[in-house]
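What follows is the residue order along each chain.
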Amino acid sequence: MTESIETPTPDGETLFGLEEMELNFGPQHPATHGVLRLKLKVDGERIIGCYPIIGYLHRGTEKLFELSPFFQNIPHTDRMDYVAAATNNLAYVGAVEKLLGLVVPPRARYIRTILSELQRLSSHLLWLATHAIDIGAMTPFFYTFRERELILDLFEEYCGARLTLNCMRPGGQPYDLPVGWTDRCRELVDLFPAAIEEYGGLLTENRIWKKRTIGVGVLTAEKALAYGVTGPMLRGSGIQWDLRKAMPYEAYDEVDFDVPVFHNCDTYDRYLVRMEEMRQSTRILDQCLKQLPEGPIMGKRPRVLKAPKDSEVYHGIEGPKGEIGFYIVGDGKQQPYRCRVRPPSFYNLQVLPDMVEGLLLADLVAVIGTTDIVLGEIDR
Amino acid sequence: MPQVLIDHLLMPVLKIGVVVGMVMGVITYLVLAERKILGFIQVRVGPNRVGPWGLLQPIADVAKLLVKEDVIPRRAVKWAFVLGPCLVVAPALVIFAVVPFGPPSTVTGGEQNWFITDINVGLLFVLAFATIGVYGIILGGWASNSKFSLLGGLRSAAQMISYEVPQGFTLVVPLLMAGTMSLNGIVMAQYEQQVWFAFKFLPLGLLAFFIYLVAGIAESNRNPFDLPEAESELVAGFHTEYSGMRFALFFLGEYANMIVISAVAVTLFLGGWLPPFPNVGWLSFLGLGLPPAIAGLFWFTFKLFCFLFVYIWFRGTFPRYRFDQLMELGWKWLIPLAFANVLLTGLVKILL
Amino acid sequence: MSAVKRLADKILLFDLFAGLGITFRNMWKKKETVQYPEERKEPAHRFRGMFRLDEDRCIKCTLCARDCPIDIIYIDWHQELNPETTKKEKVLDRFDIDVQRCMFCGLCEEACPTKPKSIWLTTKTYELASYERWQNLYVDIDELQEWKVRPQYTDEEVT
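Protein chains in written order, with this note's numbering: chain A, 11 to 390; chain B, 6 to 357; chain C, 3 to 161.
One chain only, chain A, in its complex shape (with noise of 0.2 angstroms):
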């Protein structure tokens, strides 16, 4: 630690003949959220380099799901995206129905659309608490999470389980909706828009806030999409680009919603889009609880599932933090041949070299808050 790794500039010429300082920022630092490891290059305070180290939660995922039949990998999938159980659980079951060919009861499809949809505003709301206290507010985050206990208390009346869901099948659901969910759902999904004013309140007029996140970690559209950025760092961009809208899937096509795009791709607007994405899925929520239909919740299925031979199947969703898909390679077995994830944060941590180059310590923060990654998926 205390032998200077510093190295003088290429040029060897700044106003004090200073050189750079190399420094260490996580995998332990409380703004990294989980173990991301930046080896920063910083002159004073401004930043020079940031190369991201990843790797730290590395699991070997990819290889599990060799090992066994397709729907014993859904617990894995759980621990990938561990913030967005239930979408990461949608991807995967849906590249298996893909691949099988089965069709999954319309009542089924709605489930699965509440169920992630209510993933998607946890999600959102963890990264809203996050971020808020990474740029230094703290009491956003008990806020989100008294309104995130509540989706959780969803989650486990549903399934069993808080955070681990581990809550869909190929081919349907697993179990029904207990008797109640829909009016306590319901309850929820009238009281969030409220919520979602509440740390609005606190935040989106905010000078300060304004401040430390307008002009931020500017991430233009072109760059966006070369380096494959999805979700709402995407649309922060200016960019329309959602599957739900672009290629529904489950009961997308079935209900009507807004896909929020803001143009100034800096934090401040992706901040913007994200509470205004938690609005709109209330919306969605709204309605799939309205057209909710009666029938089986799951669909014919073998009792063995079988991938047909040389089969190849990509199947991409919308998850919170953008399109999480998987791509899986079957070889006449129970087991997928090759099961290869597309997480979205890992093409999301991509670009931050490129976002905070020139910027502060401080903005550091700010911009790895904004990209709202999860470790758990980027290192499977």
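Be aware that a few hints might be false.
As the list claims (entries may be wrong) - Restricting the straight-line Cα-Cα distance to at most 25 angstroms, the calculated cross-link-like pairs of lysine-lysine (BS3-like) are:
#	chain 1	residue 1	chain 2	residue 2
1	A	221	B	354
2	C	32	B	41
3	C	32	B	337
4	C	12	B	337
5	A	310	C	117
6	A	220	C	7
7	A	220	C	33
8	C	7	A	221
9	B	41	C	43
10	B	41	C	7
11	A	220	B	41
12	C	33	C	43
13	B	41	C	31
14	A	221	C	12
Bear in mind the hints are in silico, worked out from the structure with no lab data behind them.
Chain A is already provided as a structure; the job is to place chains B and C on it using the hints.
Just chains B and C now, with coordinates in the frame of chain A:
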């Protein structure tokens, strides 16, 4: 014992002991109050396990800090590392020497003044000692031999020195209004002029008060200006490498600074120990029917605690400024405003 | 007009006061804290907690062990002649669960073919922490059935 010894040795020492003891007590419970109030703001209950309503929590905290291992990093500069925390606490405590907690003997007609001493350059004394505190933080940050500490120390150096300028300027405003530098004299002037200086020459007094408040929060490194610590950016800033009692001293220093700045603000702008409207007859019940000394003490502490509450409330509400924005606010807004304020106050004073 | 309003906003710090108002209002709201050891939230009926096994119902098919994604259920059985019914019956030698590695996905319960299930997680038990690494976290058949070491909660079964 000769009277001269009693007057010049025994009583001052007693007073100092009482004041320092009181301040320490207030600090420990201020920490508890902060945690409680933050808890309430954040819809939780705060510490409530140690003693009823968590009232023994500060004692538990202190005991924990005392028995903790005191680590000095191997390559730290030892003397500076040790000196840093002391340099933060001591000046903050010294300032209490000139703060009048209650009325002087001329008002109460009693034997004793309710302050330790009354220097005729009290304001300068406050400024001088408030400035020393920054050395402790810089030394601590530099001596730790950690990059995060160093950055924290750098930040605090820039921040505290910048904000001393507007703070110093605003202190001139009550000085002009009162015509004396003695803190006790300033309170007496507010008594005689029948107005708190925050409300004199509206809006000039109020503006000065506001600038002092902002600069004071920045001086004591509190949210939204807590950049030197900035737990989400610099881990813990200048005290990253400190542990045990040395860390506690930094902690103590921060809270002592808060109290000092509040006490000075109350004295200069909010009438110190004066009850509200001391000269309005029908409002004399605000003296609470107590002897003037006790009532003065009550009103002083009441105002002080209101101030401290505002500090904590701010901490629970606002995000943190960025370093360059903080400098911008200080140099581009507060200093010109404070300067103009002083000029205008002088002008008004001459014209009236 | 709007310019005046903007200026007033800028000078009078309305945005900051709005935030202060929100925090001040919340200060008087009901506290959300659950004082854990004294008050506990009742888990939902489907809550996946600690296991329970009913040996009589169990048909020793080992489906649960086979469906476990991380293979932590260990079952050994042998056949024995029941003297009363003169039929061959499967008898469990060993039914161990290494709860330390369990991720409570509930697939074992889902795989169980008996009705009602002979292995189930809906015991509403979640206090599994222990001071020792191996204490209480490797359970054998007796522990699974008798719950000597843990507080017993309602063992409502999934129908």
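These are the hints, each one checked on the structure:
Under the criterion of a C-alpha separation no larger than 25 angstroms, the hint pairing residue 221(A) with residue 354(B) is inconsistent with the structure, at around 38 angstroms. Pair hint residue 32(C) plus residue 41(B) holds up; C-alpha atoms about 14 angstroms apart against a cutoff of 25 angstroms. At most 25 angstroms may separate the alpha-carbon atoms for a hinted pair to count; residue 32(C) and residue 337(B) exceed this at roughly 43 angstroms. Taken as a hint, the residue 12(C) and residue 337(B) pair is honoured in the structure, with Cα atoms around 15 angstroms apart against an allowance of 25 angstroms.
Of the supplied pair hints, the one linking residue 310(A) and residue 117(C) holds, its CA atoms being roughly 22 angstroms apart against a limit of 25 angstroms. Taking the CA atoms of residue 220(A) and residue 7(C), the gap is about 18 angstroms. The hint holds against a cut of 25 angstroms. Our distance criterion of 25 angstroms between C-alpha atoms is broken by residue 220(A) and residue 33(C), whose separation comes to about 30 angstroms. Note on residue 7(C) and residue 221(A): the hinted pairing holds, with a Cα-Cα distance of about 20 angstroms set against a maximum of 25 angstroms.
Simply put, residue 41(B) and residue 43(C) have alpha-carbon atoms about 24 angstroms apart, close enough for the 25 angstroms limit, and the pair holds. About 37 angstroms separates the Cα atoms of residue 41(B) and residue 7(C), which puts this hinted pair outside 25 angstroms; it is violated. Our distance criterion of 25 angstroms between C-alpha atoms is broken by residue 220(A) and residue 41(B), whose separation comes to about 29 angstroms. Using a Cα cut-off of 25 angstroms, the hinted pair residue 33(C) and residue 43(C) holds, with the two alpha carbons roughly 15 angstroms apart.
Distance check on the hinted pair: residue 41(B) and residue 31(C) sit about 14 angstroms apart at the alpha-carbon level, within 25 angstroms; holds. A threshold of 25 angstroms between alpha carbons decides the hint, and for residue 221(A) with residue 12(C) the separation of about 13 angstroms falls inside it, so the pair holds.
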